[in-house]
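For the sequence shown, the UniProt record's numbering begins at 1 and goes up steadily by one.
Simulated from the structure, these hints should not be mistaken for lab results.
Just so it is clear, CB atoms sit at the ideal spot from N, CA and C, and this is done for glycine as well.
Don't take each hint at face value.
As the list claims (entries may be wrong) - Pairs of lysine-lysine residues, derived as DSS-like cross-links and limited to a Cα-Cα distance of at most 25 Å, are as follows:
#1 295 - 9
#2 295 - 225
#3 225 - 240
#4 82 - 295
#5 450 - 295
#6 18 - 295
#7 398 - 185
#8 185 - 160
#9 185 - 240
#10 367 - 414
#11 9 - 225
#12 367 - 398
As the list claims (entries may be wrong) - Derived Cβ-Cβ restraints for the label pairs, each shown as a range:
#13 177 - 93: 21 to 31 Å
#14 7 - 395: 39 to 49 Å
#15 351 - 18: 40 to 50 Å
#16 443 - 79: 44 to 54 Å
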Amino acid sequence: MWDIQQVLKQRFGYDTFKPGQAAVIEAVLAGRDTLAVLPTGTGKSLCYQLPAYCLGHTTMIVSPLIALMQDQVAQLNYQGEKRAVAINSNLEYGQRQQLLRHLPDFRFIFMAPETLSNPETLVALQQCQIDLFVVDEAHCISQWGIDFRPDYLALAGIKKQLKPTATLALTATANAQVRLDIIDKLGLNAVEQVLTSVDRPNIYLGVSPQPDEQSKDAYLVQLVKNSQGPGIIYFSSRQKTVEIANLLQQQTNQRVAYYHAALSTQERYVIQQQYMDGTIDVICATNAFGMGINKADIRYVIHYHVPQNIESYLQEIGRAGRDGQPAYAMVLTTPQDLYLQQALVDFGIPTNSLIQQFFKQPDLFKKSEGNEFELLRRYQQLGLSANAVEQLLTNRQKEKQFALQTMLDYLAFKDCRRQFIINYFDETIHQVNHNDTCCGNQTNLEFLEKINLAYAINDKAPKINSLTPWDRILTQLF
Numbered sequence: 001m002w003d004i005q006q007v008l009k010q011r012f013g014y015d016t017f018k019p020g021q022a023a024v025i026e027a028v029l030a031g032r033d034t035l036a037v038l039p040t041g042t043g044k045s046l047c048y049q050l051p052a053y054c055l056g057h058t059t060m061i062v063s064p065l066i067a068l069m070q071d072q073v074a075q076l077n078y079q080g081e082k083r084a085v086a087i088n089s090n091l092e093y094g095q096r097q098q099l100l101r102h103l104p105d106f107r108f109i110f111m112a113p114e115t116l117s118n119p120e121t122l123v124a125l126q127q128c129q130i131d132l133f134v135v136d137e138a139h140c141i142s143q144w145g146i147d148f149r150p151d152y153l154a155l156a157g158i159k160k161q162l163k164p165t166a167t168l169a170l171t172a173t174a175n176a177q178v179r180l181d182i183i184d185k186l187g188l189n190a191v192e193q194v195l196t197s198v199d200r201p202n203i204y205l206g207v208s209p210q211p212d213e214q215s216k217d218a219y220l221v222q223l224v225k226n227s228q229g230p231g232i233i234y235f236s237s238r239q240k241t242v243e244i245a246n247l248l249q250q251q252t253n254q255r256v257a258y259y260h261a262a263l264s265t266q267e268r269y270v271i272q273q274q275y276m277d278g279t280i281d282v283i284c285a286t287n288a289f290g291m292g293i294n295k296a297d298i299r300y301v302i303h304y305h306v307p308q309n310i311e312s313y314l315q316e317i318g319r320a321g322r323d324g325q326p327a328y329a330m331v332l333t334t335p336q337d338l339y340l341q342q343a344l345v346d347f348g349i350p351t352n353s354l355i356q357q358f359f360k361q362p363d364l365f366k367k368s369e370g371n372e373f374e375l376l377r378r379y380q381q382l383g384l385s386a387n388a389v390e391q392l393l394t395n396r397q398k399e400k401q402f403a404l405q406t407m408l409d410y411l412a413f414k415d416c417r418r419q420f421i422i423n424y425f426d427e428t429i430h431q432v433n434h435n436d437t438c439c440g441n442q443t444n445l446e447f448l449e450k451i452n453l454a455y456a457i458n459d460k461a462p463k464i465n466s467l468t469p470w471d472r473i474l475t476q477l478f
């Protein structure tokens, strides 16, 4: 048997485990398939890193984003672990081939589901003795698997081919239905579930109903001016990230940047690094920003647009207050917000008639581009029929609609919103201490005083009159 307390101290320098960690590690080391739901910012990566050092062979980690893989590899390198690698689309062909030939030499291997589905990659992985197959951010199986990234649905078959000793699914947000979905789609057997509370009591949960977008913008400016930072503001529109970043740059003394998927890889890297090192105070971002960001002192997360579901909302606000100090989450709402979110529920999902036509006459769509056609091509490659795809996507549409309605119910809830979240995630033993620092509706800034986050902006902080000139920064860095 392994002394996991001793490994924790010697390898990682910690004296104690955080809630849930020890139970997960013990289950994995006993060879049991495990599903762990641990709050954001509580060290989920330790749950596979520590067993990897005990077991001694290869740990395979399925990760949803390149940025998240790179961050994990960088952290392992910083800890002195050199046998960690991320195989992804950023690699040149020669680099990739070299790494695939030497996969058994690595202790930690990170890949996205799409990379893992590649036959050449699978052949290389089958040369490894895989102790542990990890699915990080496992809620993506439910949130993305059907209508966005169907390769998540192939993980169970891939896992059978790789024959790991144990499988570990990790997430911060999964209610009972999502947990069942993860277990089913990964083909887990006799699963040990380690469930801890999703509650982050140091994060104040606020909602600010506004009559129109102009009022929303005015309140946001005052909120950013008077809040301790750093902070993140989330948007459902790329265009809005740019518009509001410019607005805040002009009307506050904060250093603001925008971030979305249409920026180049280098631009996104620079922005992320500047935010991490404190050169940028506020990020206006789509949900392309955040997964893999482990910045302990984020003081607030604001949603300019209504999140599409409780799970995404909780993931995003969980980036605040990881140092345990007070933080807040605020959702700004207007009566018009529902129309945008409803459009996003329908976005990218092909109609039933298109599905049938595509499968009957695929040659007609060979040159067709867009999310809908990429999705259908992948389903075809996976061997699904038109009727099966139609049923999958119809069910997914209903799930997304229900999830949006639940989010709207949360925003309209008159009682304790923290209790609403606790109930949604089926927690029966957790009691909420409801008071002025818990949650509420806001049309002014008084709540900032109650949670000790009102802030007089430092006059010495550099004022930037325009958004960061990326071409100059890139020249300096690269």
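Here is how each hint holds up against the structure:
Taking the CA atoms of residue 295 and residue 9, the gap is about 23 Å. The hint holds against a cut of 25 Å. Between residue 295 and residue 225, the direct Cα distance comes to roughly 21 Å. Compliance with the 25 Å bound is thereby established for this hinted pair. Only pairs whose Cα atoms come within 25 Å are accepted, and residue 225 paired with residue 240 is accepted, the gap being roughly 19 Å. Taking the CA atoms of residue 82 and residue 295, the gap is near 23 Å; set against the 25 Å cutoff, the hint holds.
Our distance criterion of 25 Å between C-alpha atoms is met by residue 450 and residue 295, whose separation comes to about 24 Å. A C-alpha spacing of about 18 Å is found between residue 18 and residue 295, which places the hinted pair at or below 25 Å, so the restraint holds. Restraint check for residue 398 and residue 185: satisfied, since their Cα atoms lie roughly 19 Å apart, inside the 25 Å limit. For the proposed pair residue 185 and residue 160, the alpha carbon gap of about 12 Å is at most 25 Å, so the pair holds.
Between residue 185 and residue 240 the alpha-carbon distance is near 36 Å, which puts this suggested pair outside the 25 Å criterion. Among the hinted pairs, residue 367 with residue 414 is inconsistent with the structure: their alpha-carbon atoms are about 51 Å apart, more than 25 Å. For the proposed pair residue 9 and residue 225, the alpha carbon gap of about 42 Å is over 25 Å, so the pair is violated. The suggested pairing of residue 367 with residue 398 is violated, with an alpha-carbon distance near 30 Å, which exceeds 25 Å.
As the Cβ distance of residue 177 to residue 93 is approximately 42 Å, the hint placing it in 21 to 31 Å is violated. Under the hint 39 to 49 Å, the C-beta atoms of residue 7 and residue 395, about 43 Å apart, fit the expected range. One distance hint, 40 to 50 Å for the beta-carbon pair residue 351 and residue 18, holds here, with the actual separation near 47 Å. For the pair residue 443 and residue 79, the beta carbons lie near 46 Å from each other, so the given range of 44 to 54 Å is met.
This entry does not satisfy hints 9, 10, 11, 12, 13, going by the numbered hints stated previously.
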